Amino acid sequence: MGFLNPGNLIYGLGLVLLVLIYLRSRSRPTIDVSSLMLFEAASAPVAKSRMLRVDLLFWLEALALGALTLALAGLYVRRAAPVGQHRSRALVFDLGAGMGSLDGRGTRLDAAKTQALEIVDEAPLGDDFSVIGYAIETETTRAHSANKSEVRRAIAALAPDAVAVRPAALRAALIDARGAATIDLFADRPPPSGLTDEVRPDTRVNFHQVGGPADNLAIVALDPGIPHASEGRCVLRNFSMRPQQCELMIEAGGKEVFHSPLILEPRAQMIVPFGPLAAGGLVHARILTPDALAADNDHYALAPSIAQARALVMSPESEVRDDLARVVLAVNPNFLVTAVDPALFVRSKAAAQQYDLAVLHDCDARGVRAAAKLFIFPEPRLDRAGPAPLLLVTGTAALAEFQARTDAAPLIAPVLLGSARLVELPGWMDPLARGASAGGHDSFPLAATGRNASGEVGVITFDIRNHLLLDPDRMDALVLTIDTLRDLLVPADLKVVAAGSFVPVSAFGRATLVTPEGSRTVLSPDQWGRVHFRPSQAGRYFVIAGTRSIEVVANYYDAAESDLAAVPAPPPAQAAPRATDASAYGEVRVAPATMLLVVLALLFILAESALIVRQASRWRVRHV
Amino acid sequence: MLETRAFEPELIQRLDGLILGTKRARTIRAGQRNIGRVHGGGIEVENFRQYAEGDDLRFLDWNAFARLDHLAIRTFRADRQVELTVMVDASASMAIPERDDKLGLALALGAGLAYIAMGENDPVRLVAFAHRRGGQTLESTPFHRRRESYIGFRPFVTAIRCGGETRLAAAVGELLLERRQPGILIVISDFLVSPGDYEDALGQLLAARHEVKVIHVMGDREAAGTYPPPGAYRARDCESGEMREVMIGPREAETCRQRVELHADGLRDFCNPRGIAYARAFGASQLDAIIAQEFPRLGVIT
Chain A
52 MGFLNPGNLI
62 YGLGLVLLVL
72 IYLRSRSRPT
82 IDVSSLMLFE
92 AASAPVAKSR
102 MLRVDLLFWL
112 EALALGALTL
122 ALAGLYVRRA
132 APVGQHRSRA
142 LVFDLGAGMG
152 SLDGRGTRLD
162 AAKTQALEIV
172 DEAPLGDDFS
182 VIGYAIETET
192 TRAHSANKSE
202 VRRAIAALAP
212 DAVAVRPAAL
222 RAALIDARGA
232 ATIDLFADRP
242 PPSGLTDEVR
252 PDTRVNFHQV
262 GGPADNLAIV
272 ALDPGIPHAS
282 EGRCVLRNFS
292 MRPQQCELMI
302 EAGGKEVFHS
312 PLILEPRAQM
322 IVPFGPLAAG
332 GLVHARILTP
342 DALAADNDHY
352 ALAPSIAQAR
362 ALVMSPESEV
372 RDDLARVVLA
382 VNPNFLVTAV
392 DPALFVRSKA
402 AAQQYDLAVL
412 HDCDARGVRA
422 AAKLFIFPEP
432 RLDRAGPAPL
442 LLVTGTAALA
452 EFQARTDAAP
462 LIAPVLLGSA
472 RLVELPGWMD
482 PLARGASAGG
492 HDSFPLAATG
502 RNASGEVGVI
512 TFDIRNHLLL
522 DPDRMDALVL
532 TIDTLRDLLV
542 PADLKVVAAG
552 SFVPVSAFGR
562 ATLVTPEGSR
572 TVLSPDQWGR
582 VHFRPSQAGR
592 YFVIAGTRSI
602 EVVANYYDAA
612 ESDLAAVPAP
622 PPAQAAPRAT
632 DASAYGEVRV
642 APATMLLVVL
652 ALLFILAESA
662 LIVRQASRWR
672 VRHV
Chain B
69 MLETRAFEPE
79 LIQRLDGLIL
89 GTKRARTIRA
99 GQRNIGRVHG
109 GGIEVENFRQ
119 YAEGDDLRFL
129 DWNAFARLDH
139 LAIRTFRADR
149 QVELTVMVDA
159 SASMAIPERD
169 DKLGLALALG
179 AGLAYIAMGE
189 NDPVRLVAFA
199 HRRGGQTLES
209 TPFHRRRESY
219 IGFRPFVTAI
229 RCGGETRLAA
239 AVGELLLERR
249 QPGILIVISD
259 FLVSPGDYED
269 ALGQLLAARH
279 EVKVIHVMGD
289 REAAGTYPPP
299 GAYRARDCES
309 GEMREVMIGP
319 REAETCRQRV
329 ELHADGLRDF
339 CNPRGIAYAR
349 AFGASQLDAI
359 IAQEFPRLGV
369 IT
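Residue numbers (our numbering), protein chains in the order written: chain A, 52 to 675; chain B, 69 to 370.
The shape of chain B in the complex, shown without the other chains (with noise of 0.2 angstroms):
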């Protein structure tokens, strides 16, 4: 229920003023994004030079020409764009504990983030991802630019079900089989799976020249380790089926916590010297507080 906040008016007010961080264009002017001066196709002139032999006659300056009978070319910057993906883990895990709603403080950020890209024009798109029925599902939107249509999100946003394994590394597979331009590419996921799946999918990500940005979802009670109530279970893992008798108590509430704690930090130790932003959302309740301070602290936004 929580991804509806995404499209409320006071949560866009507040998102209005943001600008999603990158390194890739560094702006020159502070809080304010630039891209690089890159000749190529465009309608901006950005200089003349002197004509030379294949050049094409129809940047030809034909006035300059008549008035100084010099042959120059005008040449233009070219139009770049930075494409931004928002992956959302849309797993069964994504969804325990229930009352938690993983996923719908997920959907939130990754909409949120998306409507504070296309703030640049920049084109977004959301894609959710998970191993269904044995093959990947990569669910994604078209591409939107202008802010007008980011309420074009919202259909997607609220018709993603949870199900089926997360699987990062062989989604990023999938994504990358679509060979787009190197953009900004932001995953969002609770990354309950092992280091090796989510270093696998990350380092593909950085070898395709993406900027990638990670944004770790738990929920409270699975963070604090205290659902479910105490006594004896026979816990089953919601997207692999493997059961195991545990025994749930304040102790084993507190292990739970610090496993938690203890993946988080794998995680973060991957990213942060490889250029990847970490930042954790811890909680479905803190939503206003991870987007207004923790993702700026973080340089997830700026």
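Bound-form chain A, shown alone (with noise of 0.2 angstroms):
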């Protein structure tokens, strides 16, 4: 038994007003009299006086209001379906990398199962059964069937990912649940307080939190440095309450850099610097110590090659050649660079070189043979009987705001930068950030990197004139910068990416995708040759492209979802109900007794009417 408004419980203040009107309107009237000798042989009532005086109308008011009053409330009872009615239940698993951890016998997701098998055991012939499963994303693995069979397949090929859940995920999968009597939610911890009753207000919910508190390390992130130049960085994080020893493990390049063991405080973090690496390529750290989740003990990273690169500066300004030249050196110290102005470039000895990588500042990149361009701030089309430039600017943006990046939340305060082009990206590009003209509302790409047929190609849309790239307050486009030219850096058959996000991989045809359990998808490129998938476990995949292979590495780390020890409790109101509350009576349903708590009303009324026209008659009036 509950209220499904509480709230409208206020309404019964209405009930202590009424009964101290009626109360002082019932008391006995004084009256006034010539002389007592008049009333001598009036009959005295039969109930003894009171100034407040309670009678058997004032109850039946009393009563009809209460009962008012619970139904605006939405008094409701739980209560046994009927047998033999079909019912519809949704199964709403959490996937999240939280419910991957070691719990005792199994996951978390083990213990989700179990539950959900049981009751698909014991529910009666007929009830049919949707089984749904969210991350990042909502899957409806099993809609609506009444096979149990199937339904049990459906619950045992669920697997968690790699991926923090996203309450959007929730939300969807609550709302796909649309049409079920009931949910049941299996999940670590509980969701976001109000959810349920806004997705479902009419839909019973039944919260079924699994696991308990564990202890959890995971590497947070691993920064390989520069080879030869500076010393590389893990970070390591103790979720537990205790402290936590573990043994952690940096190979680079199949060779062991760094082994050792660790004490870590509780609730602590701690960084492990190690290197410098003698040369570039994948790093992978790895913490050997087993804990209650595995996706966050491997962490890898890419350290930028040793071998010996040419990067070409071009740019009208001599500050913003200074100025990219030393961030083009703070990404890889091995380049060497060459600065030179854009109209000086055709005659000098430059144009015959080929380069790894080509910075364009407002110009464009006619006769420049690189590997990788990135431009900034390019230059619109002028010569319009020229060939096609690769980058298409539609106009200028006098004054522009960085707002976000793809890749993150939007930052908390715009970064306002200088002017910025308008670029029509080609469809092969993916932007890395978003910005909008100062005071407008349309957005357009502030960084893009792309790979097609001549190399991979980036851009950074605004101006770093004045020596933005160096300026404190801005910073946040100076990193973006040094991202931009991360990006178009790695080799092309290597990537490292965060598990969950999307990955787009040039393969110029259709592909292969091998995951780290060894599964194999064939994927379809897009018009661009483009093939993309979304990893969502931890580890190595690999794109086979013909005879082409491209590795994609993807990390996982959330520190909400990692943290195993902090587990709310789940709140009272959606305490999961016992099992034999279902098993023994079928599906309890919440029936509100608003019809019922209405007629009692109108029965109360009925009968202090006719308990005031009894009176009247009595009396021999017409009114009372």
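Note that these hints are calculated values from the structure, not bench results.
Predicted, not measured: the structure shown is a model, and the values here were computed from it.
There may be inaccurate statements among the hints.
Derived, one-sided and incomplete: chain B residues facing chain A with beta-carbon distance under 7 angstroms [unchecked claim]: (1) ILE164; (2) GLU166; (3) PRO296; (4) ALA300; (5) ARG302; (6) ARG304; (7) ASP305; (8) CYS306.
Covered stretches of chain B, as calculated for chain A (at least 3 residues, CB under 8 angstroms) [unchecked claim]: (9) 264-270; (10) 326-332.
The C-beta atom is built at its ideal place from N, Cα and C for all residues, glycine as well.
Since each chain sits alone in its own frame, please combine them into the complex, following the hints.
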């Protein structure tokens, strides 16, 4: 028994008011008479007089008002649904990384599966189930099936992803469960407060919390440093309430560069330095000590190559050339940087060179031979007769604001930049950041990278004159520039990405995806020859396109999902009902008692009216 | 509000032809009042008699002595006046039921009788009595003799407010302390007191040789027992403050009406054997009928 709208119980205050008014009005009135001798023979009332007199009329009115108040508050009772009536239930599973943590004999997801299978087994024949999983996205693995075998298979096929759960995915899962009389939600932590009521106010949601507090260590980040130049850093975090010992091993190029046992303080973070590395390439950090969650015990990073490389920096402004050269050397000190004015480039010796990277500020790329080109504040097309440029500039914004990166949340405060070009990105380029004109609403890309047949191409649309990249107040612009450069310099056959993110790979044809578990999936390219996939597990993926193989390494870490020690208790209102409630009586349904209460109120009022009429007829008056 | 009717020309015109009935100075002429042949001080010569020693020489008829040489003394008819006192009950019970306007009826009747009495140039006064703040309160007007001064009663009549207890015997006792010569005394009240109280009061008046008339005033609803509306009440005596739980309904109203009748009959039965004129004045709406029909029938006026 409970109330659908407990706030409406406030109307019960009217009952108090009614009682006061009623009692006062029903109290026996006092009249002045000329002499009591005239009333000597008048009979005295049977009841004793009181200042506040309570009689049957009062109780009838109080009961009527009380019933109406309860009806407004939505009094309901839980009762078993009639036998023989088919019911629909939705089994919704959290498939975030936390559900893959080991908890006793199995994972949390295994415990959720066990509970769900019990519900399925105890359900009467004819009931249908839908099985829905959610993590980053919502996936309905089985929609409304009365076949229990299929439902069991769908439950058994569920697997946790190495990603953090998005509330939007839970919301979508609850919306997908429309039509179900009851939703059973299996998760290792309660849903956001009010979400279930907001999304499914008319459906009973049974929350089944699985798992308890567990100890977990995670690799938060891995910075390989610069080979031969600077140390790398590995950041570890202990989510346990106790000190934890672990064994950390770091490998680079298949060789062990660090291996040591470590002790982490309770709920503390540790930075472990290593290196400098002797060579570039893939760096792999591992926590060898087993803990509750394995997905965050591996982390990969890509160290820049130590091979000598050539970089070309062109800009009409000498100050900009100096700034860009510093940034390029900061990304990889092994670059041999050539800075030149675009007006002098064609006639200079630099034009004859082949470059690994060309950074072109406010100029075109004619005559530049480079494996990767980064256009900064690209020049509009001035010569209509010449060849079409790689990037089509459609206009210029006088003042641009850096608002958000595509792989992160929007900036707290927009960063005011200078002028910016409005570039129409080709389909093979992916934006890295977006901005807008100051005071405007139309968003446009500020940085993008992509690969076409000629090589890696990147663009930064805002101008970097006046030492914009060295301005400490606009550090986001510098970070975006460095990340764009790094994106251009990664090897074509190796990518390090975050688990759960969309990964475009330029395969130029059909490709086969090999997951860390060894399963294979054929991927179809889009019109620009790129295939896309979303790595849901941490580890190494391979995209095989003909004779070419591209390795994609996915890292997982999420501070909230990996924190297995701080699992909040479920809210009382959504406490999971005992299994016996459902097993003994079938499905327990919420049955509002509104109609019954209204009928009772009407009966009380009718009885009161009859009483009043009776008294009126006895006194022979037309009103009372 | 009814008391103001006593000063309306229409009612006064109807009162002009009426004479207050009295047994004390029964007139020899029908329809007119005359005072008795009582010797005494006056200005109207009644007779002559032989001079006797000790007679006041101022009354010696010197003309007759000059012509007849006989000492004769002139005797005069004494100037006799019958004082009329109209006692009006101004206790709290006269205000209840409020819509019955018992006090208005009592004052209208009292003022009307006063006007009638003033037709013979007899001194008339109005007295309102009630027991207030622990003592008897008598409020009285001066004696007025001529109808031209009848309007002098109006401020008194309109200013009277109800309050206090009745205590009729105490009021009469206080009035008799004035030790005025016997006259006519009209008591207008609802007589909602114990029989002992009004018997004591009327007995005192009779003992003082007053001619007493009683006008019993009751309200329409009070006499019919139709107030208050049916229901259960806590009835409070407006004079004593005594409380009592009562149930009012049709049966109780009939009982109440019978109680009023019984009380009135008791009062009448006390008055009639003792020569006290008793008249009922039940209902303010019956003012005209009471004056024109009921009072002559009962001998209050002739």
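(message) Of the numbered hints stated earlier in the document, which are not met by this structure?
(response) 2 and 9
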